[in-house]
Every structure is written in structure tokens, then in C-alpha cells.
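Q: Line by line, the protein sequences are chains A and B.
So in our numbering, spot 349 of the first sequence is number 349, and the numbers just go up one at a time.
So in our numbering, spot 156 of the second sequence is number 800, and the numbers just go up one at a time.
Everything labelled a hint here was simulated from the structure, so no lab data went into it.
Be aware that a few hints might be false.
[Said to hold, decoys possible] Under the rule of at most 20 Å between Cα atoms (straight-line distance), these lysine-lysine pairs were calculated in the PhoX-like manner:
1) B/Lys-735 with B/Lys-647
2) B/Lys-735 with A/Lys-211
3) B/Lys-775 with A/Lys-211
4) A/Lys-334 with B/Lys-711
5) B/Lys-711 with B/Lys-807
6) A/Lys-334 with B/Lys-735
7) B/Lys-711 with B/Lys-775
8) B/Lys-775 with B/Lys-735
9) B/Lys-707 with B/Lys-807
Predicted model, so just to flag it, every value in this text is computed and none were measured.
Listed below, chain by chain, are the residues.
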Amino acid sequence: MSDENAATNREAVNPRNGDGGADAVVLTGAEIVCECLLHEGVDIVFGYPGGAILPTYDALTKYPQLHHVLTRHEQGASHMADGYARATGKVGVAMATSGPGATNLVTGIATAMMDSSPIVCITGQVPTGAIGSDAFQETDVTGITLPITKHNYLVTSIDELPEVMREAFHIARTGRPGPVLVDIPKDVQIQEAEFVYPTEPIQLAGYSPPKTARARQVAAALELIRDSKRPIILAGHGISMAGANRELAQLAEKAQIPIALTLLGKGAISEHHPLCLGMMGMHGGAEVNHAIQQADLLIALGMRFDDRVTGNLATYARDSRKIHVDIDPSEINKNVTVDVGIVGDLGEVLRQLLDRVERRPNEAWFDRIAEWRADSELREIVRPAEAPQHPAVPEGKLLGAQVIRDLFEFTAGGAITVTDVGQHQMWEAQYYQHERPHSLITSGGLGTMGFGLPAAIGAKMSRPDQEVWAIVGDGGFQMTMMELATAVQERVNVHIAIINNGFLGMVRQWQEFFYEERYNQTPMVNPDFCKLAEAYGIPTVRVTERGQIEEAVNASRAQTAGPTLIDFVVEKEEIVFPMVPAGADLDDMIRRPTPAEFEQQRRGRAVAAKAPEPQTPESTPPESKPSESEEPAAAAALGSRFGV
Amino acid sequence: MAKHILAALVENRPGVLARVANLFRRRSFNIDSLSVGRTQRDEMSRMTIVMESDSAEADRLVKNLYKLVDVVHVDHLHSQPSVVREMALVKVKASSENRREVIQLCDIFRARIIDVSAESLVVEITGEEEKLENFTELVRPFGIVEMVRTGMIALGRGGHTLKDEGFKPNRSRAAARSNVL
Ligand SMILES: Cc1ncc(C[n+]2csc(CCOP(=O)(O)OP(=O)(O)O)c2C)c(N)n1
Ligand SMILES: [Mg+2]
């Protein structure tokens, strides 16, 4: 990500120096913080006040260009800053007081870290003299956030404040972006000093993000591409972060290579592009995972071989050579050993490759992928209402997957969608086809429940011109639903869709597969979400049948001020298919049966029901129940190793 | 598996040691020794990190060290000729009967006796790891009361240095500079 969008032409105001004549003015530390925010092009700060940050809150009154959004919990502030950042690539800013304020930011910081999202968190700290004395509301927040920030600072003198602020934004947005925290003791906020905004270029001896790739590596990559028969591109979040979307499409087209997307890679290329296969991984398309396992060349671009996309590493794409391009050198050979590792900015590297790439397309490879896809289509459960339905769809039931597909249709695929974590998140990934970069915002690496609503608020405030939908589960929504008040107070026009299955659905799915359907602590007694939202003055609709979706979505979209909420009451015990059990081989997927298989199994079950001891429980997924589930110990081990 | 010696130049800022130590823990690097001290430049400290690992692991550590903003340069001293030293202070039991024997051993190892009391001697010994190990094995029968080792330090031979050109300390930050610890 470049530094260019930072230095705006915004005029910083010197509150003590109305005529603006002198170069240097005397400002408090708190005012210097505000000045620096303006210089970085910040327009919105998400935060929550408290004792140790009060001087800065007071200074904010002199800077009306900095709009402060009062969240209802500091976790909301860090997620909003994150959502704001992901929607545009601009740095999001969160602010909180010391102690509990700072610790409440932590989940949002870790979320941003895992997904390389550029945010700057500013926290108040007890006065320098009190640090280390266990003063009221003192916590070592730089210590706490050490492993979950790209970098952090404890500012010990007002003299270093301008440089620290500038470095913080620079580090957050350049290279592999990430969260940076600046902890500012109260006395530093109060002290006064001459303020001159540093203008010389930032020079950090230990920090220089790589740009272009070495020619030798590029040549080696070109050779592997030329010699490949069954290549596949694995496109990750890095593509959109680097703004290399056009180059990705050009490379794929020129060399005729199909593209698989990671969850955060959605939007790297239009999913309607003929070379785009869709999502890979644990809940990715079966045809995509088969293609990866059968490929003879993986070209991994801005992705990090997370365990959710590789499955069992020992059997992962065993017959393939591998090229890995990433801006972070420590990602190369971290999980998967590669033949060619290229460190550099993806846009630059792809342009280097594009100049000279050549390859003879292999029709047989595309034919094989088409066969896998045809098989997947047979098993597809979401079909147009008028088409013959898959027999596994119970008559008259509303499925979460259908809700997402219809939402995709009725928003013409054009919305920014922000999800929470769980089954609904995977249905979003499977059934909402994204065309543009930054149009899906989701917590991938950390899988943070409670992310959806606040991140959606941040995204909408970042892109007020865009339609924004928060697609959340009934569980995750209740983790941060207090932010409804923030949306109302700020009149944020975000459309909330609760996929309400009465369960911690994704965990229930694991319990069904791997813990013999012991649904311990996953059913929920929920409030009436419509009444709840109405208490905030939010217009709501409840949807219980597929036929009601269109009207409800249209009614929501017609509201152009403030939030709206739809409570989609869906089938309780649905399963996200396909599924690669954690730690299993990537092509060892639990599939939904084809209609023919389903009928056969139904007959089989009818016969078994007459026998004295039925073997298969009613809701067991037919066909290939994972071998793990027959060995609860092994399943438990797998489950606990990777977690939900 | 082999012994890998890494040298890292780091900015002299508060918390740098904590960042490096945290990295070892967070990514489960198994470190044999770590020694930190000042360099010829006030703004920088130098760390020597020794680890027993395969070279892929050492490579991983180098890359991760570079991700720390305060780490300016890292060198794998394994890959070029270098001089390596470690120092130990060993308090050895030495009664009047065996004192002579201990002193003789010290002579052979060119170790120095820096403190003498009625029951013991404190010996300072410098050298490569093997020498220190041999010495301690030989004095062990006399009884080692207490012992401390510095961990290894190393420099490349001849013209080989850790790059620190292009490093300019920040003006205002110089004031706030403190020890890495
Ligand atoms: C903060 C947090 N706690 C726990 C989990 C583990 N977890 C993953 S998905 C899930 C269930 C989510 O339920 P819900 O929000 O209702 O979504 P659904 O799966 O039903 O669509 C849980 C508990 C998590 N990802 N994040
Ligand atoms: Mg649910």
C-alpha cells in the first residue's frame, strides 16, 4: 500500500495562531495529536473517553474537522476503525482511555493484525511519573499488545510525539499493513511544546518494505509457468491491498490460468470472470479444492497458506511446484515450502511477470475442472424458486444460504457486505459473488464473533456512497449489538441482516459431525430482535419464508437514513457444505449428496428404521461421513488442535 | 541440526529486548543464548543469538527479526568466518590441599584468578564454547560453588561488518533514547 493517499492537502489549524503566519506554534501534546491526525488525512475517530485521555478529548473540540464517533464499547471502536480501513485502504483510527479502555480495544487490534488491516489506536496512559506504580487504571498496554500489533509506542516525551504519530501511520499503511498503537501518558498530553510538523521523509533504519522483485526470481517463476500443464493461481487479500486487481486479471488472461480465491481474496477479481473458480479451503468449492490438489503449479499471490485453506499440509498439492509472492518475507516457506519465493509489492511483481509471461493453455485441464464443477452443481441446494428443488431442501423451510443468494440478487451484487463469524459467514462467501475489491469485509484470520456490526458501521462511514449490509449470526450479533446505538446516534445507514438460526450454528455443525450431536451450549434463547431494534427506533422486518425476502430487502434499501434490521428466521440445523474437517486432506470433503444419492439414502434409512437398532442418526450427513467422527478421540483431537 | 549464530543490530530504544524475547516465545524459537550490549554507536545495541536448529528455522528467525521495526540489520555469522567468544566466572572450591591443582588447570586454560578466599577461588575464563565446557568439566570434581556465563558474542573476521550505513538517529528521539533494556 502506498504512502501517497496520506499526505493530504488538508489545512491543519493552529488553534493558538489564527493568522497562520509563524512556522512554529506552541501546542499541547493533545493538540499535537489532533494536528498530526489532520496531517494524516484522518476525518473520523472512533472512540470512548476516560480520565487518561481526557486532555485529547478536550482538544478535539477545537478540531471540528475530526469527527469523533462515540461507540458503546471500545471493542466496537477498534472494529469500526478496522471496517473503515478495509472499505477504503485508508488508516482507521480508534481512541480509548487507559486501563479497561485500552484492554477493550484488544480483540479489535488482534483482528486487524491477523487480517493485515491498517489501524492506529491511540490510548491514554497514566502520567509518566505514575507508570509502574499500579496507578488507578494503569495497564501495560504496549506490553499487552506487543504480539498483536505491527508496532507500538509508549510516548515518554512531548518532543517525540509528532515523529511517533507520523511513524505510526506510515508503519500502519505501508508494506504489509497492520495495527499500530500509540500509548500517550496524560502529562504528555498536557505538556506544551513548539510544534513543527516534520517534513523530511520518514527514515526508519529497521523498516523498509520491499518493492520490486529480483530479476532472477521473476525469471524462475516465468519458467515454471511456461512449463506448467495444470496451473492455478491462489489469490489472497494481498491483491486488493496492493491494488493489483487489474494485473491479476491480465496475468490470468494472458497465461490462461484459473484463479482460486481465499476468503479475504474475494473481490481480488470479479467472481463472474470466466477464469475465476471461486473460494478454496474448508468451505470452498469442491471443484476448487480438487483443482488445487491436482494442479502441477500453484501461483500463490498475497495469501499465506492458512490451515483453513490447506487442510493437511502433508498431502497439500503434493504434485505441484509452487510460486509464492508476498510482501512479507517471513510468509515465504512458513507453512508450505515453495520452489520460487518472491518478495515484493504485488502490483510491481505482477507487472514484471506480465511483460514476459507465456503459456500454452491446456484444454484438458479446464475440462477436468468443468467436470468437477458439474458434479458440484448437481449437489447445489440453492436454486431459483421455479426450478426443481434438491430433495434435501425441506418444503417451505427458509435456508440461510437462500437468504444470502436472494440478498445477492436483490442488491444486484453491488453492496459492500460485512459479515460476522459462523455459518452465515461461509454462506456469504459461497453465495454472494463479489465483483469489486474491498466489497467483502470479514474477519478471516482471527474469526472474531462480534466483528460484523461495528465493522459495517465503520465501512459505511468510510464509504457513505455505498450500500452496506451487515450479515450477522444471532450469536455474534449479541456480542456487539450495543453498537446499534452508535449507528442510530450517527445516523449510519447500514442494513443489518440477522441470520437467526437459534444456534451457535457453526459450533453446532462441528458437534453434529464430530461430537455425536451433543449440542452442548449451542442452542440459544434469543430476544425478539425486532422489538430490540425498535427500542432503538430502528425500522425492522421479520422474514420467515423465502417469498418475503425481496420485499423485506427492498424495504430496507428504501430507508436511506439510519440503520435497518431484518430478522431472517431460518432453518435451525443446516449444514455448510462442503466441509474439509480440520486437519483432513483438502480434497477429503464432506459433501452434500446428489439428488440421486439422497433418495437412495432416504430409502436406506426407511429400511433401517424398521430394523431394531438404527445405525445412522436422522440428521447424519449422508455419503461420506468423515472417518474422524467414528473415532471421537481423534475427532476431538482434531477439533481442539484447530478450534472452531 | 547445527549451531547458528545470529548477530542483530538494534536501535537503542526501550522495550527492544522485550520485543525480541517475545518473538522467541511467540513463534517458539528455541534459543541457546542471547547476549546484548552497546556498540561503537550510542544509538545502537548489538545482540548475539545462538540457536541449535536446522537452517530453515534459522532463516525463519532472521526474517521474523527483520519484521521488528527496531531491528536494523541481522547477519547469519555462520555463513562467514567469524570470531566467537564467551566468558564464564567460576567459583571453585579450593582448600589448601588442592588449590595448587586448580591454579595449574587455570594456567593451562589461560584462565585468570580474580578472587581468592579461604575456601574458594573465582576464575575468569574466556574462549570458545568448547574450551569453557572442557574447563568446567575438569574443575567440577573440585566442586563448582557458583558459575555464570555471558552467552556467546561474535564478530565477522576482517572486513566483514554489520551494515549500519544509512542509519540516522532521529533528532528529537535521541533525547528520549535509553538503554534497550
Ligand atoms: C469471539 C468468539 N468466540 C467464539 C468463537 C467460536 N465460534 C465460531 S463460529 C461460532 C458460532 C457463531 O454463531 P452465530 O453467530 O449464531 O452464527 P451461525 O454460525 O449460527 O451462523 C462460535 C461460537 C468465535 N469465532 N469468536
Ligand atoms: Mg446462529
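Q: For the pair we were handed, B/Lys-707 and B/Lys-807, check the Cα-Cα distance against 20 Å.
A: Given that 20 Å is the threshold and the Cα spacing comes to 16 Å, the pair holds.
Q: For the pair supplied as a hint, B/Lys-775 and B/Lys-735, is the alpha-carbon distance within the 20 Å limit?
A: Distance ~17 Å between B/Lys-775 and B/Lys-735 Cα, so the pair holds.
Q: Does B/Lys-807 sit within 20 Å of B/Lys-711, going by the straight-line distance between their CA atoms?
A: Holds, because 17 Å separates the two Cα atoms, which is no more than 20 Å.
Q: Hey, A/Lys-334 versus B/Lys-711, does the alpha-carbon distance stay inside 20 Å?
A: With a Cα-Cα distance of about 14 Å, the restraint between A/Lys-334 and B/Lys-711 holds, given a limit of 20 Å.
Q: Does B/Lys-711 pair with B/Lys-775 here, judged by a C-alpha cut-off of 20 Å?
A: Not OK: B/Lys-711 and B/Lys-775 at ~35 Å, beyond 20 Å, violated.
Q: What's the verdict on B/Lys-735 and A/Lys-211, does the C-alpha distance respect the 20 Å limit or exceed it?
A: violated, 54 Å
Q: Hinted pair, alpha-carbon criterion (20 Å max): B/Lys-735, B/Lys-647. Please report holds or violated.
A: Answer violated: B/Lys-735 to B/Lys-647 is near 28 Å, above 20 Å.
Q: Take a quick look at whether A/Lys-334 and B/Lys-735 sit within 20 Å of each other, Cα to Cα.
A: Violated. A/Lys-334 to B/Lys-735 sits at ~45 Å, over the 20 Å cutoff.
Q: Given the hint that B/Lys-775 pairs with A/Lys-211, test it: the Cα-Cα distance must not exceed 20 Å.
A: Roughly 46 Å between the alpha carbons, so the hint for B/Lys-775 and A/Lys-211 is violated.
Checked against the numbered hints given earlier, this structure breaks hints 1, 2, 3, 6 and 7; the rest are met.
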